[in-house]
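Generate coordinates for the entire structure from the input sequences, incorporating the hints supplied.
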Amino acid sequence: MHNNVKALLATTALFFTAPLLADSGCGFENKSGGVFATCSEEKQEVLLTGIVEAQRLVTELPEFTEGYKTYEVDTTALDPIKAETEATEIVVIIGTWCPDCHRETPRFIRIMEEVNNPNIKVTYIGVDRAKADPEGLATRYDFKRIPTFIVLQKGEEIGRIVERPTESLEKDLANILK
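Quick note on numbering that gives the first Met the number 0: the sequence shown kicks off at 0 and runs consecutively.
Keep in mind that the hints were calculated from the coordinates and are not lab data.
As the structure is a prediction and not an experimental result, all values here were calculated from the model.
Beta carbons are placed, not taken as given, at the ideal position from N, Cα and C, and that holds for glycine.
Treat the hints loosely; a few may be bogus.
Computed Cβ-Cβ distance ranges for the label pairs, DEER-style [to be verified]:
#1 Asn-115 <-> Leu-46: 16 to 22 Å
#2 Glu-156 <-> Thr-69: 29 to 35 Å
#3 Thr-84 <-> Pro-61: 34 to 40 Å
#4 Glu-112 <-> Tyr-140: 19 to 25 Å
#5 Thr-122 <-> Arg-102: 18 to 24 Å
#6 Arg-128 <-> Thr-75: 22 to 28 Å
#7 Glu-155 <-> Thr-69: 31 to 37 Å
#8 Glu-162 <-> Asp-73: 16 to 22 Å
#9 Pro-117 <-> Ile-50: 16 to 22 Å
#10 Thr-58 <-> Ala-86: 25 to 31 Å
#11 Lys-81 <-> Asp-127: 33 to 39 Å
What follows is the structure, encoded as structure tokens:
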């Protein structure tokens, strides 16, 4: 008899929580098919690989849009970046699936817009969960974690920011360019 009560309680709990599970963010849509959650359409993550345009990230992907809209650039730290006269390339390796990239990449895009230095060219390379892209662009750079911001001058790496800045993206980039 005791096991029957446990089974009844478990069944009752499942009955009343199934609709909640349908909204838990586990790939279920709000439309459940009755008492038990059913997946009418799984949510698909967007994986952009290869060269990715900055504006596409902040206009088409909600994970990037909010940070882009709300980030306030520390303009006091931008002077060395704005004053850079050497041709500089910054390669940013990101994953559109990566939470650290969701946080740092929109901030970096805002910083680069604020800097508006024609001597600085930024290239965004998207990688999949295996940290690869179809053209093999990211394999040119030795990286393990993302985002990785690689700063190059005269074809040589002069510094990088890996995963998250030490102080802030603005200050870390300014220190690399000093």
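(request) Would you list, in rising numerical order, the hints stated earlier that this structure does not obey? (result) 1 and 6
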